[in-house]
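Participant: These are the residues of each chain, in order.
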Amino acid sequence: MTGTRNLLPKVTTIIMAFILLFLPACGNEEIPPSSQIDTYTIADSIGDWGYPSPYAHYFRGPGYVRMSFIFETLVWKNATEFVPQLANEWSYKEGDNSYTFKLQENVKWHDGTEFTADDVVFTYEYTEDYPYQWVDNSIVESVEALDKYTVKLYLSKPYAPFFQDVAGAQPILPKHIWENVTVPEEFLELEAVIGTGPYIFADYSKEHGTYLYQANDSYYLGTPAVKEIRFVKVTAEMNPAALEEGSVNSASIEAEVVTEMESAGFTVITDRPSWNAKLTINHQKEPLSSKEFRQALAYAIDRESLVQIVLRGNGVAGSPGLMPPTSVWYNPDTPQYAYDPGKAQQLIEGLGYNRLDNGYFARDGHLLKLSLIAAADYKDLGQFITQQLEQVGIDIDFQTLEAKTVDSKVGAWEFDLSIYGHGGLYEPSILERVILDESFNSARYSTNNELTQLLNEQLTEMDTTKRKDMVFQIQELYAEDVPALTLYYPTSYFAHDGSIQLYYTMDGIAIGMPIPLNRMCFVQ
Amino acid sequence: MSIKRNLITYSIAFLIILLLNFILPRMMPGDPLMAIYGDEALVAMTPDLKSHLIERFALDKPLWQQFGAYISALFQGNLGWSYYYNASVSKVILGSLPWTLLVVGSSLVLSTFLGIVLGIESGWRRGSKTDRAMLTGLMSLNGFPDFFLGLVLLIVFGVLLGIAPLSGALTPYSGLSGMSLVLDVLRHMALPVAALTIAHLAGGYLITRNTMITVLKAPFMLTARAKGLSQRVLKYRHAGRNSMLPVITMTGIWLGRIVTGALFVELVFAYPGVGQLTYQALLSRDYPVIQGVFLMVAISVLIANFAVDLLYPKLDPRISYAH
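Taken in order, these protein sequences are the chains called D and Z.
Residue numbering for the first sequence follows our numbering, starting at 1 and increasing by one per position.
Residue numbering for the second sequence follows our numbering, starting at 525 and increasing by one per position.
No wet-lab data here; the hints were simulated from the structure.
Treat the hints with care, as some may be off.
[Said to hold, decoys possible] DSBU-like cross-link-like pairs, simulated, lysine-lysine; straight-line CA separation at most 30 Å:
#1 Lys404(D) to Lys528(Z)
#2 Lys615(Z) to Lys206(D)
#3 Lys615(Z) to Lys409(D)
#4 Lys93(D) to Lys148(D)
#5 Lys404(D) to Lys615(Z)
Treat the numbers as computed from the prediction; the structure is a model and nothing was measured.
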């Protein structure tokens, strides 16, 4: 998680950055982009993300990415748009609320069997019995094969993020292999990693956290750009050194070494932010149930200097409308609550509070005192917020607790303020989940009927312009009510040697994974 | 002195550990099922699975029945199921264990052996220049934590000189086999082993040296000298052997931590051991794995202490007379 930072990596990174300054910059040899590269090595600090079959990889983005080199979806995304994959044409019929996909005709599974519409039908039926954890297929009511290369999917209701959440995320399984598998999680044979993708599974080591893929020379959408792709495990702090010595071609890096890596000839790329840390507010409890009080909190916290201090400048200040300013769905008219402690105090006074001699507010003889709980990951952030709220006159009792304890306390509404982070701020379908859902990681705010209605309706609005209008209104209403306050969006960096042009996928890989390892980067 | 009484003491300790391991997750706030299975369960949990798990752990039964279910599962070698890895906890831990044993075991042997030899030599020459140099050098090394030494070694030999690998236990997909594979593994373990050895060397050295100085004053040393024994025999067989007892205790304590003793060093070198596994389990809140590791550590501490208790009378017969 991006929020996880402790002292050891920080110190190491700074030492490494210092050392890199003194290392001779070794220029990268230019490799002509048209020829096939022998090996391409990608560093990862965790390494093991599970056996790369759809049912065995771990429930984390990098697990999906390792699977996605082998298994493909009906449609896929590049840096800017949805592109054909196993389906080369599609159409939506409003009348019966269905999508018709015309499939590619020259596709073979890695074992040589032909890919047909039966595989697609099978996949959607199989996942009904054995749900694939990344994709919620419940919106698909039925599937039928019109002929050998045409499938029709009927949806139970119009669903705007259908490509993002379903068609572009659901890996298609070979029927001839999976039809007899009844415990897919424990199906760890070689057949479990037979797909249609540009790369063929060659090896996986759980202990060493390594993966090996070989080019699928009969790939239908072009030639694989690399003969052999390797994922190896390198600690995050050693990534710059591993890049410099040439043992890896790409790796994520810390902000502190960006300049050094660029001057050493590496390309550093960064994604539009999609992860946010937010202040969770118990809006069911006095005085936090008052909208004005929550707005006062927003005015009291200087999110701009928070980015400078807590993130050392590597991030973007939070927008109270949740969507990051860099998003295409961002509404520039969202109320921003620019830092204004005076305004915050005014709002609090308006609720009947008076300032005491010690600087704190009180009402009816009771001191204005709030608790703030957070996991140890957010210690710096928590201290910053405590200091800012104390400044306007709120007595804050800040405690770091074990993460699980924080979650259950927040889940049971046993808190005043808390800090939480989540990703996925790409496709606006996330808004409905993180505002209305009943779990601890959502704002659980359904008291504003207009907002609730818009959140539900935007999901079924198939007209993009109309949907965008709705998402804009949602941001304004949400920011007006402040049921939770987005504090910042951190920036992450990925360095590569340029032998393969890596890019961040539009709205993230599949349902929104901010990882620049789109399999199509590795196809010519 | 009875081994039987010893066994009873250890069994009681073992039971208390089991009880703690059982009760802790159930005391955490919120749903005990969540506490037992961590974050992943939230994702993987269907109503069917939930009722199955409640039944398996007898979570709807009184606490003592739950404990019965827990113990019976444990004695079948079932440490629980990790939803993160989608595998049984024992399998997950066993996969990482050999690498930890390799690194920690090697450094344990090296640091104990070197500590004893240097301690004997230093104590024998008490007050000399060699003694003072060794004492100062090792005392200052004693202050550094193992991961810091690891980091320094890694930066010097891995990054600046480029003669040691930056991470891992072997070169992935190098196609090596036989002798060259062994050499590759040795090359990868050199720095982690060196870091651990240096960090723990000083402890054994200081204790041996101290005991050595006391032993040298003992009357039996005078007798041995009077017998005209050679320097070597005096130093190692008479004084040395009698100086080893405290080091054995210390090594015993260390041996107990063999499973997690290299946690930080494993992180620095991305070495695929139990320490790495524990860290990852903490990050992903994989409680079943954390508990499994905890239980293993507790058991190995017990076994190591027990082994030391057995070994003592052999090294120093006076201990059995004392009872």
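Participant: Against which earlier hints does the structure fall short, listed by number upward?
Facilitator: Of the numbered hints given earlier, those the structure breaks are 1 and 3, listed in rising order.
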